[in-house]
Amino acid sequence: MKYNLNLENTLNQIVANSWYFWELLGADQSSNADLSFNEQDQEAGPQRLFDQKLLDRWCRVVAERNWEIFTKRLQWQGWDLDKVQSYPAATKPGQQRSTPDWLATLRQIMETAAVMVQEQSISTFAPESCLSPEHPTPFAEVFLPCLQVARQQLLQQVAATTPPEDESPLTLLSNQAYLNLERGLLSELVNLWTRPLIHEFNLVRPFNQNSLSSSILPVQPSSRVYYQQFINQVLEHGFADWFQKYPVLGRLTATLIDFWLNSTLNFLRHLQTDLAEIQATFATDFLSDRPSANLGQVIEIEPCLSDRHERGKTVTALRFASGLRLIYKPKNLDLDLAYYQFLTWCNQQAFSPSFKVLKVLSRNDHGWVEYVEHYPCEDEVAVQRFYQRAGMLLCIIYFLRGTDCHQENLIASGEYPVLIDTESLLHPKVKPIDQSLEAMKRQSSENFKFWESVLQTRLLPYWEVVKQNSYGLQDTSGLGSSFSPFQNREVQIWQEINTDQMRLEWQTESVPPPKNVPILNGKPLTAYVYSKDIVSGFQQMYDLLTAHRNELLTPAGILAEFQTKRVRFLFRNTKVYARILHYSLSPKHLQSGLLRSIWLDILSRPFLAATEKPLMWDILASELQAIADLDIPYFASGSDTTTLSIGVERPIAACFFASSYELVRNRCASLNPADRAYQTTLIRESFYARVDQAAPSPLDNPVQAFPLPSDFKTVERLNQQQWLGAAVAIATEIKQNALWEEDGSVNWIGLAFQYRSKHFQFQPLGDSLYEGRCGIALFLAALDRVTETQQYRNMVLGCLKPARSLLCHSPAALTCNYLDLIGLGGSTGLGSILYSWVRLGDFLQQPDLIEDALIASNLITPDLIQADTSLDLVAGVAGTILGLLALYRATADPTVLAGAIACGQHLCETQIKQGATAGGWVTLAQKCPLTGFSHGAAGIAYALLQLYQVTDNPTYLRAAQHGIAYEQRVFNPQVGNWPDFRSGPEENPQLMVSWCHGAAGIGLARLGGLDILDTPEIRQDIAIALETTQKSTEFGIDHLCCGTMGRIETMLVASQKLARSELMDSELGKATWVVNRAQTEGTYRLFPNIHNPIFNPVFAKGTAGIGYQLLRLAYSECLPSLLLWQ
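For the sequence shown, our numbering gives the first residue as 1, with consecutive numbering after it.
Just so you know, the hints here were simulated from the structure itself, not pulled from any lab data.
Keep in mind that the hints are not guaranteed to be accurate.
[What the hints assert, rightly or not] With beta-carbon atoms standing in for the labels, derived distance ranges:
#, residue 1, residue 2, range
1, Asn817, Ser670, 29 to 37 Å
2, Gln152, Val381, 51 to 59 Å
3, Pro1016, Val576, 51 to 59 Å
4, Val576, Trp740, 52 to 60 Å
Please read all numbers here as calculations on a predicted model, not as lab measurements.
No residue lacks a Cβ here, since even glycine has one placed at the ideal position from N, Cα and C.
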């Protein structure tokens, strides 16, 4: 009796400490309950549940310490900050809450654990247990009470719901198959419990035996003394102490079991009810040689094959004794039926090669699908047919507005690519979170055209971050992922399980190719090699659909099968949910429901960028509850409605622009040759971006260099009109590929270089100088300037329109989000935009651009400056200095100079002060300070010299001198160049001769600062750099950043600064050779591995920069050096 009383007290404490904030505030405040303290409470010194520390944390998570935005979040939920602040820590009489659903199961777990400990019946290898000595489970003993409760409840529920005249559905499963179901639950429990268990185990065992010391101390022979003591502590009093410390863990454990129980019961009932139809639907062909044979028992089950949705529902694979394998999906499969009917229709058009059509049995809330095997192609011809079908499938998924077709949703079954998850077909087009007029306008046409293209399918290559707070990227697309280095991966492996030395260690593991990759002769294949087959298949299917358009659109057409189907709405990327969920299960968050739920409320951030309460605000509550219950939020609607009805408490009307079925019909009606050509271009260029994944540097992807012809020194140089003509040709191509918006904005699709990951991303351009619209605008404005026309003026202003709106005329939340995205840098961030607007204000004689630059400069706050870790010219505050100084010289505004000074101070503070690398800066997350202009000491020193020139503060001069001295110490006199330390100083550093890294850029930096710092050592650096640059006669690429034109700019500046016109003689020959070759081949060489024509109009690694450099060659006296931010 005493134990029961203690148990009830313990359970009350667990419940009290596991509530989420919406459970505490939702009912109380919506009913206007009095949460304030009375006078007696005040005199007694009340404890507030939401104390200031907790509110500060919540405000930081939701609004990054912006209390105005945080208050808005509360108000939109119908809550009041004052009442939240006064919420009492102790529940008042009459305010007790209802008993949570999971409490009964938690009580049973604790009672079972107490009895098992008391009776000493804890045995990890009991008969008929899902635990196995061959495959031990970490901390296995603590899960036994949970598994026993789950089994007991299942048996009781099965017995209670099975009519006496019927056999138990459990008889349909072998013992092994049932244990597979329990292993699925065990796996989820292990994932939930691992971090708190390891954390606590490390606290009770000696340091030399815990996981933190395993890498620095020798491992002792295995023992179980501390391990067994720890297990006893966890299980003591039926987990009483454990769950009081980790109440949220107790709640989630019971929730997992409750959801598993319900899902398992449904699976068993559905299997029993549908068995006859399963036999009729799937076994006819499978058992054709034995027509009277039965499927037999289910002998193998593979649970948890998908994300958890809607209270723990997941996909399950099963195998019958007869050998038949099926997939069970706990959702309606009518959309699958419609999709395979569509494929059947395609096959009936005498279309070759044909599609593989899966059998489907659909029920109201669940269904069964044919299992798809991953097996190799027979020969090379079969491989070509596979990729031809892949192109056809790409066209169909595009046609049906499919998305999320990543590598896990595609299986290479011999020569057939098979889409195994159709729920994201007919994906609706959602209205923006911010419904204001300006927000609607910001849904630009180029983004619409781009993201509503074949790229929406996620079949084509696309990079995404795979680790938070790192720059690791991975391509998980249905076709592009075949490039990934999947042969090896880093995984955490348990070592010395259930001993005192148990630990997780990172190991390199060999893994088989993912199932979406076709195999030939035991080798995985690469889609890029077969991109022509993909394009051919896409065009073939596009032509078929176009030819049958009228038939498809008739009421009796096959397209009508997609009416009134349930279609999923992906509100956010699943990986976002998964990442947030992972962090919410840290030991800290498992100790407090309030802390965990506050962290989960980071999901509210995108909503709070809106000026008014968003139409879809109610989605947030559903997201929070789902992810709190360990689910990935799931939303869906009917294909013939604009109302979001599934996954939300109340339907959200007019959530979508149009019904998804209507959008598919519109796409069908709008098929045309121009769209076919556009989609084909996107397919080709997405593969180009994927194959040319690394910076053109010996470090990552050696440049395929081509020696200049021996007569380049004597070749007839182009004259001014010919340089101009070559620049005009580039501008014409840029103009022809422009995507205009109704409000006059303009953009292009290009390959944006991701600095941190060294990858290209094929996407609409941003706004920066280096890889965005500002760089294009500068080239076009310069062309108008030298030709004294206004041919490109509207296009230039159209380039700037979106950024001007965001930075100068948008709500603070939107502006902050945009600034977080672009950063402060002088090439890729806000510094680059400020510089561009100042130069364009001069080129166009348009002062309002400089006025907008002043407004935007106020966004550069001391906090943002201090938070910068990039530091360099491209992405960091060194580049910000150059942008701000350009603005200061145009306005003489002291606040602008103050911002530049703050940046300079940050650079001085972060400069390495002592040791072999003293004077350098750590950029690009490198341990060793880099040399060079773009990311190294040369560029940062150049920025500091410019700041010194304006402020006359010797601190900046000394910092610049120290940075230059660092580069001089590591200089390699044997080769006349400075090492590129991106691969590390201990790994035989590579050498480059380009603007970004190596002699050309370092020489340009020294030349740029020569008027400020002119010493014999600086002059020597310049002489060596020029000599090395001149000797560089191998040319693989043409652009400014790493190619020929960047080196030519160094020599052009040198000829002007040093009054040495002879320096340009050979450079003009090189430039002439580049232009002549481009005219012959029909394209400039922008990428080391791609020589096919590819349109990339950006400044640093594209044709806009080449065009500007051609203008510099023709009109050097009236155009500034943009590579020096002049």
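Hints versus structure:
no.: 1; hint: Asn817 - Ser670: 29 to 37 Å; in the structure: holds (33 Å)
no.: 2; hint: Gln152 - Val381: 51 to 59 Å; in the structure: holds (57 Å)
no.: 3; hint: Pro1016 - Val576: 51 to 59 Å; in the structure: holds (56 Å)
no.: 4; hint: Val576 - Trp740: 52 to 60 Å; in the structure: violated (32 Å)
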